[in-house]
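Trainee: So the sequence shown is numbered by the UniProt record's numbering: it starts at 1 and just counts up by one.
I should point out that these hints are in silico values taken from the structure, not numbers from a laboratory. Accuracy of the hints is not assured; some may be wrong.
Simulated restraints on C-beta separations [stated by the list, open to error]: (1) E130 to R93: 17 to 23 Å; (2) R93 to N65: 30 to 36 Å; (3) E130 to S43: 28 to 34 Å; (4) E56 to G84: 19 to 25 Å; (5) P134 to T62: 27 to 33 Å; (6) E111 to E76: 35 to 41 Å; (7) E112 to G132: 31 to 37 Å; (8) S43 to Q101: 20 to 26 Å; (9) K4 to D74: 18 to 24 Å; (10) G132 to P48: 19 to 25 Å; (11) E56 to R93: 33 to 39 Å; (12) R41 to E3: 17 to 23 Å.
Don't be surprised by glycine CBs; every beta carbon is placed ideally from N, CA and C.
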Amino acid sequence: MPEKVRILFVCVENSNRSQMAQAFARMYGGEHVEALSAGSRPSGRINPQAIAAMAELGYDLTQHNSKSIELYNDQEVDVAVTMGCGDACPRVRARRRYDWQIPDPRDLPPEEFRRVRDQIATQVQALLQELGVPLQAHPFPSRPAAGS
Numbered sequence: 001m002p003e004k005v006r007i008l009f010v011c012v013e014n015s016n017r018s019q020m021a022q023a024f025a026r027m028y029g030g031e032h033v034e035a036l037s038a039g040s041r042p043s044g045r046i047n048p049q050a051i052a053a054m055a056e057l058g059y060d061l062t063q064h065n066s067k068s069i070e071l072y073n074d075q076e077v078d079v080a081v082t083m084g085c086g087d088a089c090p091r092v093r094a095r096r097r098y099d100w101q102i103p104d105p106r107d108l109p110p111e112e113f114r115r116v117r118d119q120i121a122t123q124v125q126a127l128l129q130e131l132g133v134p135l136q137a138h139p140f141p142s143r144p145a146a147g148s
């Protein structure tokens, strides 16, 4: 395993799924992972529902930005993960590629949004284990979401 595993998560808007996956990779991979995210058609903002869902777990997504996949053109990553949206990242060189069939939670009610969040957490943990990355204990204290 390289010193740091470089993982790029891609979805369409880079406002929900790929952002949460990036956050979970950072949470559970710690110093062993360089987690990145991007979108094929970035929205330019993080969905407030994603911010709230991750805040419930103590992770602050307000510091993230919605970015274009073009930022990573011609760069190499160890793993590229698309979120079941059929997005290809042909100019991103990746040693391994995965396509996770994860529904876009953008317009879902909060309880269903949380289910998608938790599915992403499970997938990220399984990926890190498959890559031989030691899972970190959840480093963020549980605290209520802002405005709760």
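Trainee: Compare the structure with each hint and give your call.
Mentor: Taking the hints in turn, this is what the structure says about them:
1. E130 to R93: 17 to 23 Å: With Cβ atoms ~20 Å apart, the hint holds.
2. R93 to N65: 30 to 36 Å: violated (23 Å)
3. E130 to S43: 28 to 34 Å: holds (30 Å)
4. E56 to G84: 19 to 25 Å: holds (23 Å)
5. P134 to T62: 27 to 33 Å: Once the Cβ atoms are compared, 28 Å apart, the range 27 to 33 Å for T62 and P134 holds.
6. E111 to E76: 35 to 41 Å: This hint holds: roughly 39 Å between Cβ atoms.
7. E112 to G132: 31 to 37 Å: holds (33 Å)
8. S43 to Q101: 20 to 26 Å: Given range 20 to 26 Å: holds, Cβ gap about 21 Å.
9. K4 to D74: 18 to 24 Å: holds (20 Å)
10. G132 to P48: 19 to 25 Å: Because 36 Å falls outside the window, the suggested range is violated.
11. E56 to R93: 33 to 39 Å: holds (36 Å)
12. R41 to E3: 17 to 23 Å: At roughly 33 Å between Cβ atoms, E3 and R41 fall outside 17 to 23 Å, so the hint is violated.
Going through the hint list in order, the structure does not satisfy hints 2, 10 and 12.
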